[in-house]
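Chain order of the listed sequences is B and U. Under this note's numbering, the first residue of the first sequence carries the number 12, and numbering increases by one thereafter. Under this note's numbering, the first residue of the second sequence carries the number 49, and numbering increases by one thereafter.
Read the hints as simulated data drawn from the structure, not as lab findings. The beta carbon of each residue, even a glycine, is placed where N, CA and C say it ideally should be. Worth double-checking, as some hints may not be accurate.
For each label pair, taking beta carbons as the anchor points, the in silico distance ranges come out as [stated by the list, open to error]:
hint: 1; chain 1: B; residue 1: Thr92; chain 2: U; residue 2: Gln676; range: 19 to 27 Å
hint: 2; chain 1: B; residue 1: Thr75; chain 2: U; residue 2: Ser644; range: 34 to 42 Å
hint: 3; chain 1: U; residue 1: Leu661; chain 2: B; residue 2: Ala88; range: 20 to 28 Å
hint: 4; chain 1: U; residue 1: Gln676; chain 2: B; residue 2: Asp104; range: 42 to 50 Å
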Amino acid sequence: MDAANYLYLSALLFTIGAVGVVVRRNAIVVFMCIELMLNAANLSFVTFSRINGDLNGQVIAFFTMVVAACEVVVGLAIIVTIYRSRRSASLDDASLLKR
Amino acid sequence: MYSNTLIYLIGLPLAGAVTLLLAGRRSDKWGHLLATALSASSFFVGLYQLWLMLNRTNSARPITQKLFEWISVGTFKINAALLLDQLSICFVLLITGVGTLIHIYSISYMSEDLDRRRFFAFLNLFIAAMLLLVLGNSYLNLYVGWEGVGLASYLLIGFWNQKPAYATASKKAFVMNRIGDMGLSFAIMIAFATMDTVSFEGVKAAVGHTSTAALTGIGLMLLVAAVGKSAQFPLQAWLGDAMAGPTPVSALIHAATMVTAGVYLITRSNFIFDAAPTASLLVVIVGAITLIFGALIGTAKDDIKKALAASTMSQIGYMILCTGLGPVGYAFAIMHLLTHGFFKAGMFLGAGSVMHGMNDEVNMRKFGALRKFMPITFVTFGLGYLAILGVPPFAGFYSKDMIIETAFNSGGQKGTILGIITLLGAGITAFYMTRVMILTFTGKARWDDEYHPHESPWLMWLPMAVLALGSVTSGYLLSRGGALVNWLSPLFAKHAESKQLLSPIVVSALALITVAIGVVIAWFKYSRKTVEVVAPMDVSIFTKIARQDLLQDRFNEAVFMRSGQLLTDTLLKTDENLIDGAVRGVAGMALGSASSLRGLQNGFVRSYAALILIGAVALVAAIWVVVQ
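Between the sequences and the hints, there should be enough to build the whole structure, so can you do that?
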């Protein structure tokens, strides 16, 4: 199978994620979209690793997963805390730094 | 010869000034005594130096003291050093002698003043600065003293600066002096540029191989300096206003010492003027104009101090004129300077004594008949009066007649013109001084009951008596057997015996006749007629002009002040509109762009994300384009 197809898929997933981040208000959904973008990037890394025949891309994919896991832990904690104090998980409501 | 005691001359009064200024109110009780004692001790050091000098031969008389290396840049070295020679010692004794007498006088004169200590501190500062001026061994050292006396003069004219008019007078004196100071600094710069040295010795040695143009330049700049400091035409307008200072200050600074610094400067620079005839000629012209100018102003002034100030201007005009006549004139100028120091300081102190007894009134039209109430003041003032008139055997007879004689004998048409001018000046001097005498001391009393004229205490009349003694004897003592001329002659170039146009007897007779005419006119005008208490207004245009200092202030205002203001206004506007405008424009641009960009900082996470996305896409697109 042509490796380029994986790259197309990766680009598609990344686009879906990016659009989701920009257009959705719910923090949880935005968060999931970010995960989607990260995984799209992972897919690209792995694909390039395959094309080039070395393991660097795969190693970086593992790094990305670790970073994503940490990010999930911190991000979810923040979202839950905001929800508790404001009874809302809407990103547009959490614009207090401006004022 | 080398000596290490010269510094005491300057150091003693300087220490007094520093002590009194630093100790402040704590020294109020004894400050004036300390200042007087230090000034007197400086005088005694001067006397001691004179005694030492008399015991040496002519060539060994000048002594120097190096204080420290002042400027050392590459091969250019200037030491702060002092030089005491036959010329400086005259000034040292005049400054410290008259200065000490005036210190003594001021103890009593200023006793009512709360700030007497500060006054004495400034007096000591002045003595120190003036001594530095006459003792410096280079133009640069002289310059330090020159500025120092300017400062002391400013501080003392404005001593009662709670009165705005007095504060303005001190500022006027300072600013007009600055013009002269600029001349001196230019002279130093030209000397340094063309001769590579600024010491008197070095410049004297370098005169031989320096172009006449440079020497003339230095001479003219020195003349500007002398004109500023000595209140000569056209920078004389400050001296009349300088009378705002306490009377002892007028006596010491604005009659006896500081204003004669210009004469000292020209005499000291005799080697330059001898080699620059153009500059010399201009010196003569300035002196001649001023001696008539001052005398004319003196005839119209009703303020006793201002009349005396105008007379000072005129007498210094005599000295300046005489210095311009070349080697033959220097010694006579110095002689007139010394005798003038005695009689003019004495008369100023007399005026102070009159003011002291008359509630500080200065208008002579409100005096009259004070002879009975102030006999000592009348006698001492009268002796000074006879001295300035040049009546034999008083001091002025010897010194002023020598100047008139030198002027007549300077040769050709120039000599005749100068002789007539000096004679005329003597006549006008006789007129206005007689007027002062008559208005103040004789005639009917023109003051109200609120005045209670009385003789001054002994602390005040003692210095007046000493100065009066000097006015009587100094001329004879200094000219006996050519004493002063021989004493100073090693410093000046040899001069050929000039052909005598008029013999001394004829000159003396002419001078006495002119003086007598002046006295008689004044007597007819002021003694025979009643003097009005308020100055009459229906007077001739000439009197009106003379009352306004011959319109010098108006001229300065129209020509220099207005154009100066125009210049500063233009500069101010340029600064505000052009330079400030540019700076403000840049700041405004930053502010404007920032406030429009501020809108992007809206607090919505998603819009930040969108911006990041757009940025990233744009970056990728840019790379794409570049790679392609």
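Hint check results:
1. B:Thr92 x U:Gln676: 19 to 27 Å: 47 Å, violated
2. B:Thr75 x U:Ser644: 34 to 42 Å: Because 38 Å falls inside the window, the suggested range holds.
3. U:Leu661 x B:Ala88: 20 to 28 Å: The hint (20 to 28 Å, Cβ to Cβ) holds, given that Leu661 of chain U and Ala88 of chain B are roughly 25 Å apart.
4. U:Gln676 x B:Asp104: 42 to 50 Å: Check passed, 44 Å falls within 42 to 50 Å.
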